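Protein sequences, first through last, are from chains P and L. Using the working numbering, read the first sequence as starting at 1 and increasing by one per residue. Using the working numbering, read the second sequence as starting at 1 and increasing by one per residue.
Note that these hints are calculated values from the structure, not bench results. There's no promise every hint is true.
Derived EDC-like pairs: lysine to aspartate or glutamate, alpha-carbon spacing no greater than 20 Å straight-line [stated by the list, open to error]:
(1) P/Lys35 <-> L/Glu234
(2) P/Lys143 <-> L/Glu234
(3) P/Lys45 <-> L/Glu262
(4) L/Lys266 <-> P/Asp132
(5) P/Lys123 <-> L/Glu234
(6) L/Lys80 <-> P/Asp132
Keep in mind it's a predicted model, so treat the numbers as computed, not measured.
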Amino acid sequence: MRKLVLAISMFALAGSAAFADPVLDRQALMKERGKIVGGLSKVVKGEDPFDAAAVLTALQALQANAEKVDVDALFPAGSDAGDTTASPKIWEDMTGFKATNDKFIADVKAAVAAAPADVDALKAQIGTLGSDCGTCHQTYRVKKG
Amino acid sequence: MPWLKKFIGAALVLGGVGAVAGWVLSAPVRLDAETVAKLGPGDAARGKRIFNAGGCTSCHSKPGSKGDARLQLVGGLELKTPFGTFVPPNISQDAKDGIGAWSVEDLANAMLKGVSPTGEHFYPAFPYASYARMKPSDIADLYAFLKTLPAVAGKAPDHALSFPFNIRRGLGLWKRLYLSDQPVVPLPDGTPDPVMAGRYLVEGPGHCGECHTPRAFTGGSKKSQWLAGAAAAEGSGIVPNITSGEGGIGDWSEADIANYLETGFKPDFDSVGGAMVDVQKNMAELTPEDRAAISAYLKAIPPHPNGYPPRKKPAS
């Protein structure tokens, strides 16, 4: 019985790795990223109190999220088809797309390293990160109906 | 065959009358003296607000420029539309390549009537169908602000349009259909001030309807679907519905809209994208009162379902 359970879970694991849908995977990462930024924005707006430790934890989570984005695995050729808002420009300009992604990762790392001590410091960092979001979505995302 | 001669004669006369009428009706119309008198002296500090509300940089900056370089209004962006490619011109203070030699009246005729100093029609890719609703004094303020910006040499390429859109004179007829200084959304007496202020910013200088409202085959805005979202003029995407109708932003609060315009974050912390990225940067430069006014107006306008067709399901 234990062997069977093990076999089934191994199979499920292999299945999820082999047949994972890159579109769903990257969308899940973006959703998670939005949630983390949302939590930090509440602090910036004064809706939640500033707690340096909690802010750092959130920024670290953001870094972990950012580092999970393996562009080659998540944006394979042909994955602009179907239920996605990824723009064909990603594949026309893969170098530019990767550079934009790298800038975001670098900015998140810098924010973690700086470990903001007050709301104003956090606000500046969220401003930079938010503008990174916009820069990428400006060129590499296309709204669909 | 005398009847045929008569018929041809009549056709020629009618055709001639039609051509003359078309020529007269398509003539560029400049501002009247009364409006020109309302321009006033202009104030550069106030004009900066109008400049940001209008988002002049989004089209007239050199494509891809950042920061202060965006104030070099040298033009050159390519807007690839079904009518052809429009190229926003140099509107810097360069006297030869830009608009440095224009008078305030020239700018007012361009923005309120779509007429160039040499008396030609501008194409409405330059959104004067919206600017026509602006106050003359705001044009004078904008003029004063533009005067503070650098002169940059260099002509942008001409538009490259297909027939019949390459005939500028035809725009005179288009203007008879679509050019008006009247508000789009009627608001009753006693409407709160922020909503009124927001109507002015959105329908006039902000020209939000130019992208967010679907267009007829003529290129004119369908006012019955005002701000209902539209297929993007460029590319294959859509521009979202910003009314409270189905598919729109009915579940956003006024504070959500204002925050989005300020920070670029949607209520679900997705971020601004596409052409709206530059627009949002300009909106962030406005005062909180102006952003609140825009939000109040958007919550007050008639709701419409999406003005673009639903997405085709991918073939499986």
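Going through the hints against the structure:
no.: 1; hint: P/Lys35 <-> L/Glu234; result: violated (31 Å)
no.: 2; hint: P/Lys143 <-> L/Glu234; result: holds (12 Å)
no.: 3; hint: P/Lys45 <-> L/Glu262; result: holds (12 Å)
no.: 4; hint: L/Lys266 <-> P/Asp132; result: holds (15 Å)
no.: 5; hint: P/Lys123 <-> L/Glu234; result: violated (34 Å)
no.: 6; hint: L/Lys80 <-> P/Asp132; result: violated (26 Å)
Consistency with the previously given hints fails for numbers 1, 5 and 6, ordered from lowest to highest.
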